[in-house]
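Trainee: Going down the list, the sequences are from chains F, P and L.
At position 154 of the first sequence the residue is numbered 154 (the working numbering), and the sequence of numbers has no breaks.
At position 552 of the second sequence the residue is numbered 729 (the working numbering), and the sequence of numbers has no breaks.
At position 254 of the third sequence the residue is numbered 1084 (the working numbering), and the sequence of numbers has no breaks.
Hints listed in this document are in silico derivations from the structure and should not be mistaken for laboratory results.
Do not rely on the hints blindly, as some may be mistaken.
As the list claims (entries may be wrong) - List of simulated lysine-lysine pairs, DSS-like, C-alpha gap at most 25 Å: (1) P:K661 - F:K156; (2) P:K289 - P:K272; (3) L:K1146 - L:K1115; (4) L:K1021 - F:K33; (5) P:K782 - P:K757; (6) P:K686 - P:K661; (7) L:K1370 - L:K1441; (8) L:K901 - L:K1021; (9) L:K964 - F:K77; (10) P:K477 - P:K554; (11) P:K472 - P:K415; (12) L:K865 - F:K33; (13) F:K78 - L:K964; (14) L:K1506 - L:K964; (15) L:K1146 - L:K901.
Here are the chains, one letter per residue:
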Amino acid sequence: MRLIVSLLILAHAVWAYNYNDILLNVQSRIYPKILLLEENFMQRHQNRPVVLTVVHEKEDDGIAAQVVQKINEIYGKKLGDLPFVVENITFDDIDTHHRSDAYYLLKGSEEDIKKAVQVARKQKVPVFVYDFDDLAYGGTIALTVRRTTVIYMNRKAMPWIPRFNQALYAIVRFIDV
Amino acid sequence: MSNKSQRSLSTTLTGYVAIMGIVILSATFFLFEHYGKKVLYDIEKEKADLITQMFAPQIGVNLYLGMEDRVIEVLEQLVHQKEVAGVNLYRGSEKIHSYQNEKKTDTGDVIKVLTPIYQPGGTRQLGKLELLYKSDNYQRMLTQLTRMLLIFIVALAFFYLFMVYLIRRRLYPLKKLANSLANYDAQNPVSIERSSQDREIGQIEEAVGTMQEKIGEYTEKLTHMNESLYTQVEEKTKALWEQLYTDSLTGLPNRKAMMEDLLRLDTALLAIVNIDDFTEINDLYGHHAGDEILKQLGAKLTSMGFDKVYRASGDEYVIVIKKAFTSESAMIELKRLREAIGRSKFAFEENQIDLRVSIGASIEYVPTIEQADMALKEARKQRVPLMLFSPNWRLEKRYKENIEWISEIKSALKEGRIVTYGQPLYDLRQKRVKGYEMLMRLVKRDGTVVSPFHFLPLAQKTHYYPEMTRRVVEQSCAYFADRKDLTFSINLSVEDILNTETIEFIKTKIEEYHVSNRIIFELLESENIELYPEVAAFVEEMKNLGCQIAIDDFGTGYSNFSYLMTLKVDFLKIDGSLIKNIHRDRNLEVIAETIIDFAHKLNIKTVAEFVSNDQVCHKAHQMGVDIVQGYHIDEPKPLNELEKPRENLPVCL
Amino acid sequence: MKKLFMTLPLLLLGGGLHASEQTASIDSLIDEMNKISRLAEKVKLNEPYQPYIVTVYHGREMERIGVTNLKEALELVPGVDMATDNVDNKRAIFRGSNPYAYGQSRLFIDGIDVDDLFTDGYDGYLSMPIEMIKRIEVTRGPGSVSDGYNAYAGSIRVITYAEKGLRSDLNEGRIVVKGGAYSYEMGGFLKNYQNGDFSLHTQFYYQRDHKFLPAGPDALATGFYGAPNIALSRNGEAPLWMKNHMLQLTMGYKDVTVRAGSLYYEKGSAYGLNGALPEPNDHVKGPQSYAEADYHPTTGAWELHVKAGWKDSEFKSYAHLLPAGFVAGPGIVYDDGFYGEHEAKLRRFYQTSYGDYSGFGSHRFSMGYYLDYTQTYKVVTRTTDKYGGTGIVDYSKSEPFTDPDASMRTKRLFLQDRFSYNENLSMQAGLNVEKVTRMKTQYNPRLSIVYQSDDHNIYKAIYSRSSRTPSWQELFTINNHARVGNLDLDPETVNAFEAAYIRKMGVDAFLQLNLFYLLNDKQIDNNNQEHQYRNASDSKIYGAEVECKTPIGLNDTLYMNYSYVYGQENGDDPLANSARHMAKGYYLHQFNDALDLALVGKYVGSKTRMKGDNRPKLDSYTTLDVTLGFHDNDDLNIRLSVQNIFDADVRYPSVPHSYVNDYPQEGRHLMITLTKGF
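Full structure from sequences and hints, please.
Mentor: Here you go:
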């Protein structure tokens, strides 16, 4: 019970409006863990910090800031043994010069999502999405809560991301969109 | 005895053992060949399956994601498993990867397992994984099992031979005994010599010898006994049969025989012959004399050539002449019979006894013993010796009774023996006796009181009836003139109402005694009163005087509720037949309830008659009856005893 | 999820590729996902997959669209309508099922049945401010039996911020201030505190208003009290004011949780206990207190709950029940009218234990029992001399208005198995056996199937039977002409057949279609000459509900529902006092991060009168509420709502021989809310 409690406890403020706060909580908790399952994750990063970028529309600035804060609280700026940096950026500002090891896309228009996906593909990093439907625009990984909790992986996007631990593939559900 | 069962026991037993051995052997072979090998094989195959199942999903994921290097990695790992001889991966029918384990198998044989590889979470087949599983283990186990089976067969063969020897040896003396007994006959015993060392079989041999002797003795005894028993049984049966249908004294057929014969009788003369004053003979000469006389009379009757003669009972004989008779010819025949008996001489020891008989007879189409009996009684009554049954006797009896009643009524009226009784009507609401129903009674000269049930229907047809009604009216009015807190009711029939003089009389009396507001007239529902305009006129007239009207025995006829309204009835007396069993018959209860409800809606009070016990009384109370009447409350009493209070009021009140 | 646990070790053994450093990570990932699944079920995040038909509203969202209390939130639920009576005892009517009974729907706050023991109603909690509510789960139909309660037509589960596992902060707090029309004022706070294994949640609110609404002519006008009293009938303002505060505490230490609550509730006598318009200060009080201890260990495959609790419920009325000059019978005239004080105190003790076992294949078994004992422990009946005169006479002993020695026991046993045939198909079978003093044993089975053909389409089919034990009022009211209790009552029963189709279109977008067919038996009311509660009617009800929610673009959200109810009572009579058509919805537009606008609309169709009531149908109405909200990043919210902006004539139906013009509700009115998190 206490584990469930602490699992979902994030910092103070209230999740904003068109977001399902529980889903946002759960994703913030799970997505970095998935990142940790990248093949040879430790070796690849050596002592370089791991960067996760939360991408959002301008209107959702507050929410994005809160997501960043929450992830930081959960992980204490460490992922595995590596330093962990969580940043946020708007869809407008994102470009290939921004270095990141993974992106977490909040809600966005189709164009914005596609744009962010292109940036990520160039960098060969995974794209986590808030909305399951954004997998259709090239997102890599989405976590949904159905009758059970399910992690979806977009097979079409696999060529543009690093490989993950074999065990992860056994528990995710693949879709072709 | 069939040939088959003569086969020796030892052969049969050894046969059975042999069959059992063969069955066990074949079953073992069959199980080994068909299942043992297969089970061993399946165990190994399952192991192989498990390994492929474990690896197939990983290969599936990697194939699906196009990660060839990982596929190879997994296959190499697979082929390094100790039991694996090699793996092949197919895409369609094309073999895309193949690996062999460097360590060769001992035999070179392998078990092949082919598993489809599916897309993760889907049903699309991406390829097939073939696992070559070393069969070393399987072969090893197979050899072991075969060796065990051989040992088992040899052991079984030895066991069989030993059993055959044992059985034959043990059963030899029995076989010998059986052979010597084969020609045994009770008359010609065979000699048995003890040959077996075995205790049990030796005992059997001795016992057989003793048994032979005993059997010989018993057979002889039995033959004699049978013969004598047969004769005895036959004699006894005959005697019993005769006893059943024969009078032991006279030797004549008895009453039982008669009753059975009469069932088949049609046209005939049936006569009962009864000895007059037979008891006197018994008293004078003793029972032996009586018996002797009965025998002689029986013999006499038999000698007279009637079709049948029976001794019906004591001193009664019945004769049957199967012939059609007129009453005249019958009487002649009977006279002849009687005279013949009169003329005959009957004697006991030294005494000569004269017999006289009375005869009752019937010549009806089917004469019955009852008819003859009635005729005999009539003969006795009329003190004549002979009488023929007449069908008119019954009607005559009734007519005579009527005449008697009419003269009784006439004298009763003259002598003031038509009196009035009263039965209380108890009001359940006010909890008191509210009044009385006036009932006519006839007191016979000997003091017995007769209810009108016995004479009223008859009386109504005579001209005495109006006078009887008037007596009741006169007596009632006079009695209640001064008892102003009580009501009284008088039963009137349609005849009464149609009689203008009676009506006038009633009116006069009401005025004379000032009882108009306390008198109640009870009219019988069953008399179709609604059909007579006179009744309506009477009711209206009486109601104008202040009198009240009750309908008696309501609920028996085609209860016509509407006239209750036109007649403005004050009371309904629910018929006794409805009330009597109301506490135990749900149907009656429903009918009564309907009547009570209806009456109350019309403001008519209800009276329950025939209240005979507490339960009925309670039930009536429960159902909302206003007034109860019946033996349970109090019985009808003469007017002078009316005001004697009952000692104990019933519980229900 | 069980399956995942099993395949994983094999994979790691077989593969062992990069297992070494990452095994721990994948293990903890799976563990968390399992826990999320379990939690999701508890907080109804995955409600479309649950074997019952439920609508879930989140308090925060309700706040944003301008809903101010529990009652207004319930009015949005498809198939749910509000009804009231002469003492303004409001209750939610589910799918038109028996609008005269109170206990057909039940209210639970944090799992505790808070219905008042006297009427089985929950009027006192309907005004609970929405800011105190984290989530409302409204199950239509008999619902689940997993915790042993017997819902009949529906159950309302209110979850406050005391709920563990979803608090945004260990030590979250919030204050609320509201004000509005009818001199409404409200203040409240909630606060969570956690320290190690110990946690404490406190919430308190206070509210009052001075609401009077036009009413009349009152029941005297109908001649119900005889011709001489018709002239005494009045029109006027019905006192519908309230004074209300509630304190709630939830304490947790390890596996033990203690919940306690106390509600003080006082309100105007509304339309009068006897149907005569009361005086402005005449009032009714319905305070209630409860406490419950819950021991809930989780060991391996077992999840247990052992609970014991107590509840005290009071009903008090102080009112001028009949006007001066009232003629009560031959020679009995109340010159000063008829004054009455009625008070009944009831108490219940209960104990229940139930558990979930999920250690057997894909099955999840639940079983448990529930026992309670309820009794009346105080009755006061003081009124004007009933047989004429002006003095007050204490009838508490001689003619109490409710049986002072009444008591009842309930025993319930429940079993359930949920079986997941595979990822897409799950089935549930349950049985609830209930024995209540004087009542026949009730066997209530339940069967359901949930099938998802793919990630977007879910189908459900449910059969369930349920029964409702008659309320205290229906059983034990005595010496009273307007209500006559009846000890021979049988429980009401329902056989419900339901089917649902859900299309999930995104994270928060869905379309749901429900079909239902209800066979109600032995429905209780007192609409007869003697006003005695009787098992008077049977009804057949069928209908459909469509519910849909979808975001439009990034800044707008639309929620709509429509419900259709058609029913027949006692054969052919149309179902009375229920709206055949209802449509509700809201639209939320977000101007930017700080400002938004919400519109809430409700259409409630016309209502047929009951048989023998010759009044024309009660008119339909449409209302629209508008709310403008502002919020900043520090959780400061300010909201301004105008409710019923077009001042529509909203009326709740009255029974025959009462207020012939029904019960008019609020017109256009205003509400300002300010909340601040800390």
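Trainee: For each hint given before, does the structure comply? Return the numbers of the non-compliant ones in rising order.
Mentor: Numbers 1, 4, 9 and 13 - these are the hints that the structure violates, sorted from lowest upward.
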